[in-house]
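**Student:** Using the sequences and the accompanying hints, generate a full structural model.
So you can see what is in the structure, the chains are spelled out below.
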Amino acid sequence: MRVVVDFDMCQSNAVCQGVAPEVFEVRDDGYLYILQENPSEELRSKVEDAARSCPVQAITIED
Amino acid sequence: MPDLGSVVVVGASLAGMRAAEALRREGFDGQLTLVGAETHWPPFDRPPLSKQVLVGKWEADKAVLRTDLDPATDDRLELRLGRRAIDLDAAERRITLDDDTTLDYDGLIIATGATPRTLPGVQQVTGIHVLRTIDDCSSLRRDLDGPAYVTVIGAGFIGCEVAAAARALGHPVALVEALPLPLVRVLGEDIGKMTSELHREHGVELHLGSGVEGIDGVQRVEGVRLTNGEVVKADVVVVGIGVTANTDWLAASGLVIDNGVLCDQSLLAAGAEGVAAAGDVARWPNPVYDGALMRIEHWTNAAEHGEHAARSLLAWARGEEPPAFESIPYFWSEQYGVRFQMVGTWAEGDEQHVVEGDPLGPERKGVIAFVRGDRVIGALCVNRPNRTLPWRKHIEARATYPVPEPE
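These protein sequences, in sequence, are chains A and B.
Per the working numbering, the first sequence starts with residue 1, numbered consecutively.
Per the working numbering, the second sequence starts with residue 1, numbered consecutively.
Some hints could be false.
Okay, derived cross-link-like pairs now, DSS-like style, lysine-lysine, Cα gap no bigger than 30 Å in a straight line [what the hints assert, rightly or not]:
hint, chain 1, residue 1, chain 2, residue 2
1, B, Lys233, B, Lys193
2, B, Lys193, A, Lys46
3, A, Lys46, B, Lys393
4, B, Lys393, B, Lys365
Derived from the structure by calculation, the hints contain no laboratory data.
**Tutor:** Set out below in structure tokens:
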């Protein structure tokens with residue numbers, strides 16, 4: 001699984017970080033960082049949940 | 001145990017769509033019917049309509065909701081788009097649509113959203129807009145194509161965003177608000193003052209503390225008459241004075257309607273079996289705020305509500321205790337590059353404390369905490385996106401103010 005963020009759409013709402021802090025982090029500079037681009041399968045449901053929760057639909061998961 | 005053979009979801013925007021998706025994801029494989037007043041599929045996403053789409057940064061087709069619902073591959077999924085529900089008989093479990101067809105259900109999720117309030121008596125005058133749907137947005141976009149004096153009535157979030165968008169397009173903009181400051185009802189005086197300065201700096205003419213007396217113009221709008229006697233020139237008017245929950249069709253349903261569909265804490269509707277509500281139309285006691293009744297019009301709430309209503313309905317059908325919906329409201333807005341992110345809630349009488357930076361000063365960067373009694377109930381982060389989560393956690397933990405310093 002590969003996590004892809006459309007950074008043109010991302011507004012640093014940090015909702016994804018609330019759901020999957022292992023994978024997403026909005027830092028002090030105001031930008032979102034992907035901590036693991038290829039997270040392990042056990043994180044799949046969390047990452048899917050984060051993608052659904054993103055209020056600007058910036059997150060996609062590629063298999 | 002009730003048998004859940006068929007579920008109807010009325011309302012095919014974010015909350016309804018997420019409800020339908022969650023039903024399938026959680027294993028419901030019966031007949032699923034999604035009724036929507038708007039004709040577009042997938043449905044349009046609303047926040048970009050007052051932001052990127054309105055300023056022309058995005059084509060409209062970029063602002064659609066992503067969904068894995070597909071009637072082409074799911075033969076027990078039916079979309080009834082361009083149709084409104086006009087009546088519900090919750091005892092008979094029967095919905096009537098505006099083409100006089102009926103739908104029977106075992107389970108129902110109500111997600112009919114809300115409708116913008118309009119000015120009375122101006123239906124014949126062109127150039128007056130509300131902004132809710134993609135069609136509203138396209139029609140407003142067309143009116144903003146050429147030079148135009150734009151007057152926005154109502155300085156809530158929609159009004160403020162539209163004013164900012166119209167300025168970005170180069171139009172002269174007036175913002176009219178009956179209350180003394182923008183956003184004052186939702187965020188109070190200090191933030192209202194900051195917001196009014198922000199709009200003034202960007203050339204918006206503010207008319208605060210004056211209501212609208214009427215509209216000048218016979219066929220096409222020419223001006224907005226204020227209660228203080230002033231007339232504000234206008235070729236285009238955008239009305240952003242709030243919304244009303246779409247519950248008219250439920251008047252004879254047997255459900256309890258009181259500023260929305262009244263629900264229990266699991267989002268199951270009061271007054272009938274097998275009915276849940278979600279999104280802008282649902283009013284429920286939020287356990288985070290000691291069961292205070294809330295009806296929330298934000299994106300994240302609609303998405304979470306939809307999913308949760310589906311889970312509660314399925315739990316009810318299995319004879320299990322439906323889970324409570326605990327939610328900390330979340331909202332974001334951007335005006336002139338200043339980003340507002342609000343977690344939790346604030347109401348008149350609650351305290352506000354600047355806890356980080358200088359959110360109200362010229363830098364416009366920092367955090368304001370909202371406090372009720374001694375409890376942290378919300379926060380507004382201005383240009384500080386990475387502070388929303390820690391404050392969300394304080395609210396979740398029912399933290400008292402002041403919160404302990406971070407290490």
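**Student:** Taking the hints in turn, state whether each one holds.
**Tutor:** To see whether the hints hold, each was checked on the structure:
Taking the CA atoms of lysine 233 of chain B and lysine 193 of chain B, the gap is near 24 Å; set against the 30 Å cutoff, the hint holds. Taking the CA atoms of lysine 193 of chain B and lysine 46 of chain A, the gap is near 40 Å; set against the 30 Å cutoff, the hint is violated. As the CA atoms of lysine 46 of chain A and lysine 393 of chain B are separated by approximately 18 Å, the hinted pair is consistent with the 30 Å bound. Between lysine 393 of chain B and lysine 365 of chain B the alpha-carbon distance is near 20 Å, which keeps this suggested pair within the 30 Å criterion.
Hint 2 alone, counting from the list given before, is not met by this structure.
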